[in-house]
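Engineer: Please model the complete structure; the sequences and the hints are all you need to start from.
Protein chains in written order, with the working numbering: chain L, 1 to 328; chain S, 329 to 651.
Among these hints, one or two may not hold up.
Between beta-carbon pairs, the in silico distance windows are [said to hold, decoys possible]:
| hint | chain 1 | residue 1 | chain 2 | residue 2 | range |
| --- | --- | --- | --- | --- | --- |
| 1 | L | G17 | S | P519 | 50 to 58 Å |
| 2 | S | S365 | L | R140 | 48 to 56 Å |
| 3 | S | R375 | L | R13 | 49 to 57 Å |
| 4 | L | G39 | S | P385 | 43 to 51 Å |
| 5 | L | L320 | S | D613 | 33 to 41 Å |
| 6 | L | Q38 | S | P385 | 45 to 53 Å |
| 7 | S | Q607 | L | T322 | 21 to 29 Å |
| 8 | L | E318 | S | D383 | 55 to 63 Å |
| 9 | S | P385 | L | S251 | 31 to 39 Å |
| 10 | S | E550 | L | A204 | 53 to 61 Å |
| 11 | S | L632 | L | S251 | 43 to 51 Å |
| 12 | L | E197 | S | L361 | 35 to 43 Å |
Covered stretches of chain S, going by a simulated chain L footprint (3 or more residues, C-beta under 8 Å) [said to hold, decoys possible]:
| hint | segment |
| --- | --- |
| 13 | 371–385 |
| 14 | 394–406 |
| 15 | 426–433 |
| 16 | 492–498 |
Rather than coming from a laboratory, the hints here were simulated on the basis of the structure.
Given the structure is predicted, the values throughout are model-derived calculations rather than measurements.
Glycine included, each C-beta is placed from N, C-alpha and C at the ideal position.
Chain residues, written in single-letter form:
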Amino acid sequence: METKKERSLLESRDLLGMYRDMVRVRQFEEACPKLYSQGKMGGFLHLYSGQEAVGVGVAHAIHKQDYMISAYREHGLLIAKGGRPEKVMAELFGKATGVSRGKGGSMHLFDPELRFMGGYGIVGGHLPISVGVAYSILYREGDEVAVCLFGDGATNQGVFHEAMNMAALYQVPMIFICENNGYGIGTSVLRASAMEELYKKSCAYETPGEKVDGMDVLAVYETVRRAVQRAREGGGPSYIEAITYRFRGHSISDPGTYRSEQEKRIWQERDPIPNFARWLVEQGKATREDLEKIDGEEKDLIREAIRFAEESPFPDPEELWTDVYVES
Amino acid sequence: MPEITCREALNQALHEEMARDPSTFILGEDVGLYEGSFKVTKGLLARFGEKRVLDTPISEAGIVGMACGAAMTGLRPIAELMTINFAIVAMDQIMNHVAIVRYMFGGQVKVPLTIRAPGGAGHQLGAQHSHVLEAIFMHCPGLRVIVPSFPADAKGLLKSAIRSDDPVMFIEHEGIYGVKGEVPEDEFTLPLGVADIKRRGTDVTIITLSRMVYVCLEAAEELAGEGIQVEVVDLRALNPLDMLTVLESVRRTHRAVTVEESWLTGGWGGEVASRIMEQAFDQMDAPVFRLGCADVPMPYSKHLEQSAIPNVRKVIEAVRSVL
Chain L
1 METKKERSLL
11 ESRDLLGMYR
21 DMVRVRQFEE
31 ACPKLYSQGK
41 MGGFLHLYSG
51 QEAVGVGVAH
61 AIHKQDYMIS
71 AYREHGLLIA
81 KGGRPEKVMA
91 ELFGKATGVS
101 RGKGGSMHLF
111 DPELRFMGGY
121 GIVGGHLPIS
131 VGVAYSILYR
141 EGDEVAVCLF
151 GDGATNQGVF
161 HEAMNMAALY
171 QVPMIFICEN
181 NGYGIGTSVL
191 RASAMEELYK
201 KSCAYETPGE
211 KVDGMDVLAV
221 YETVRRAVQR
231 AREGGGPSYI
241 EAITYRFRGH
251 SISDPGTYRS
261 EQEKRIWQER
271 DPIPNFARWL
281 VEQGKATRED
291 LEKIDGEEKD
301 LIREAIRFAE
311 ESPFPDPEEL
321 WTDVYVES
Chain S
329 MPEITCREAL
339 NQALHEEMAR
349 DPSTFILGED
359 VGLYEGSFKV
369 TKGLLARFGE
379 KRVLDTPISE
389 AGIVGMACGA
399 AMTGLRPIAE
409 LMTINFAIVA
419 MDQIMNHVAI
429 VRYMFGGQVK
439 VPLTIRAPGG
449 AGHQLGAQHS
459 HVLEAIFMHC
469 PGLRVIVPSF
479 PADAKGLLKS
489 AIRSDDPVMF
499 IEHEGIYGVK
509 GEVPEDEFTL
519 PLGVADIKRR
529 GTDVTIITLS
539 RMVYVCLEAA
549 EELAGEGIQV
559 EVVDLRALNP
569 LDMLTVLESV
579 RRTHRAVTVE
589 ESWLTGGWGG
599 EVASRIMEQA
609 FDQMDAPVFR
619 LGCADVPMPY
629 SKHLEQSAIP
639 NVRKVIEAVR
649 SVL
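Structural biologist: And the structure:
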């Protein structure tokens with residue numbers, strides 16, 4: 001587990017950067033439901049509110065040239081890795097300026113510059129792909145790592161086990177990160193997995209598995225940082241289970257009747273953003289004014305992102321037929 | 329030109345392409361130490377080492393997914409599936425990932441991946457090991473589907489498939505690995521999606537591919553003895569589908585038969601027949617006849633199995649039916 005000493009190694013600048021990123025993701029996500037109801041976006045919309053500490057903790061523990069790959073609740077992950085909110089918003093609007101040029105949508109964000117290798121919509125489907133990404137690093141004898149994020153539901157898919165096995169077999173430099181938010185759509189982990197403590201699932205592949213509080217950005221950061229270091233030094237894959245909670249439904253159309261009000265209240269009290277804000281002030285890392293300034297700046301940034309998305313053009317009709325093949 | 333087997337031709341293509349491009353590697357079940365279930369990967373491990381000739385566990389979705397991730401990040405993998413039947417295990421990776429990620433991510437990534445797999449019926453392997461599935465992959469945009477017959481085609485097309493920046497399903501046939509043919513000694517490649525007229529004729533066009541090319545050529549030889557001149561078009565690929573060659577041929581012969589080893593219902597013959605109807609209806613003197621495998625799971629018993637698969641006699645009957 002992390003120590004106070006390790007925490008103190010982070011400079012105030014880094015800590016405020018984490019705070020800013022979490023606020024940015026929250027502001028982005030909380031702007032979406034209204035835009036969705038106005039018909040600005042369509043399809044599925046899986047919001048990340050509540051899980052910010054995981055994505056931001058992970059993103060701060062890796063370098064820009066490290067690969068990230070994830071499932072479909074990934075707006076926050078790309079933004080945490082440095083993705084521009086206006087390009088993500090434009091994608092949700094189906095605009096040509098979107099990160100996937102309007103062809104992907106909410107579930108299929110992609111950014112080659114940031115080595116964000118995509119959001120995928122088939123539960124567990126991207127896990128074997130992440131092993132291939134990491135094998136590429138090994139093949140080139142590079143010093144990057146790949147981090148692969150997925151939900152608790154993915155750990156019950158066959159490919160989870162294939163990917164875990166192959167990653168360990170070839171000792172690829174990667175970190176599997178399970179964001180356990182307690183539910184695969186409406187079915188709780190308890191009702192879906194014979195093993196409740198999901199971090200133990202890697203033991204069959206002799207891959208170190210660890211559990212971390214996914215509502216604590218510093219805990220996530222430190223845990224992932226250690227795993228990244230291990231992978232970079234040739235120590236092979238790791239597996240981390242981050243215990244977290246989504247404050248909204250599985251998707252925008254989820255009435256959420258399967259979770260009790262009491263449960264939601266308990267988790268709301270563990271909201272990673274105000275808790276981290278309190279800690280920053282208590283530790284003298286920032287003042288309330290510093291944080292309020294960040295809140296205001298991020299609100300403006302998201303407002304600007306919406307304006308950019310609104311004003312951007314839709315893809316040209318000809319785009320229907322482009323990108324199916326490289327060689328036509 | 330030396331005569332070599334289809335297996336040797338494919339093996340040469342792998343050796344040459346792996347020597348040519350250090351980003352090319354092969355992975356699959358028993359491709360290394362065992363040198364391939366059908367010995368197509370013979371000599372690769374000894375020559376290129378374990379990093380580039382990767383034995384995998386029996387995890388088809390894992391193999392294809394891993395190859396996809398490697399292809400998306402700058403490598404040029406060749407994934408061998410022991411047989412096409414196991415591609416069904418990996419279908420989510422093939423159709424939901426490999427084929428579509430380029431489009432889904434707005435053209436910002438390419439997947440230069442070749443998935444090799446042999447298929448085909450005729451060896452009493454029963455219902456789970458006798459599939460002929462090329463039509464399924466033809467249905468999915470984003471995948472190139474290459475299905476060679478002659479050894480020279482196998483070599484030239486595999487080399488081009490490996491060099492292609494698009495994902496290719498390269499479907500071999502277990503029944504023709506041992507068949508010999510002339511293969512040029514010098515370096516050569518063949519374009520993907522160009523059909524080859526394997527026999528010239530004036531009376532009927534047979535459109536076919538893979539092992540059925542040999543069956544159709546035998547039928548054509550027999551019919552020639554009766555004065556019926558059959559043209560045999562080997563598609564060599566289902567995507568890109570070379571309708572130019574097909575249409576040019578049927579406009580000369582005015583009659584067409586499609587011969588496939590896949591199930592007739594939903595097979596590629598229906599697609600080709602429809603396109604002939606749409607584009608050459610006025611030039612046709614008879615409806616297109618489709619010959620394919622019986623729409624049944626493949627039975628084990630030899631005589632039942634043989635009666636399910638198109639053969640020379642059935643091809644001759646099919647040709648007669650359109651005359």
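Engineer: If a hint holds in the structure, say so; if it doesn't, say that too.
Structural biologist: Here's how the hints hold up against the structure:
1. At roughly 52 Å, the beta carbons of L/G17 and S/P519 sit within the given window of 50 to 58 Å.
2. A hinted range of 48 to 56 Å for the beta carbons of S/S365 and L/R140 is inconsistent with their spacing of about 30 Å.
3. In this structure the hint that S/R375 and L/R13 lie 49 to 57 Å apart at CB holds, the actual value being about 52 Å.
4. Checked against the hint of 43 to 51 Å, the pair L/G39 and S/P385 passes, with Cβ atoms roughly 48 Å apart.
5. At roughly 38 Å, the beta carbons of L/L320 and S/D613 sit within the given window of 33 to 41 Å.
6. For L/Q38 paired with S/P385, a C-beta distance near 49 Å keeps the hint of 45 to 53 Å intact.
7. Hint check: S/Q607 to L/T322, Cβ distance near 25 Å, so the stated range 21 to 29 Å holds.
8. For the pair L/E318 and S/D383, the supplied restraint of 55 to 63 Å is violated, since their beta-carbon distance comes to about 45 Å.
9. Checked against the hint of 31 to 39 Å, the pair S/P385 and L/S251 passes, with Cβ atoms roughly 35 Å apart.
10. The given range of 53 to 61 Å is respected by S/E550 and L/A204, whose C-beta atoms sit roughly 59 Å from each other.
11. In this structure, S/L632 and L/S251 meet the distance hint of 43 to 51 Å, their C-beta atoms being roughly 50 Å apart.
12. In this structure the hint that L/E197 and S/L361 lie 35 to 43 Å apart at CB holds, the actual value being about 38 Å.
13. Evaluation of the coverage hint for the segment 371–385 of chain S: fulfilled, as 4 residues show C-beta separations to chain L shorter than 8 Å, against a requirement of three.
14. Three residues within the 8 Å Cβ limit are the bar, and the segment 394–406 of chain S against chain L gives 11, so the coverage statement holds.
15. With 5 residues having a Cβ less than 8 Å from any Cβ of chain L, the segment 426–433 of chain S passes the three-residue criterion, so the hint holds.
16. For the segment 492–498 of chain S, the stated coverage by chain L holds: 3 residues have a C-beta nearer than 8 Å to a C-beta of that chain, and at least 3 were required.
Comparing the model with each numbered hint stated earlier shows that hints 2, 8 do not hold.
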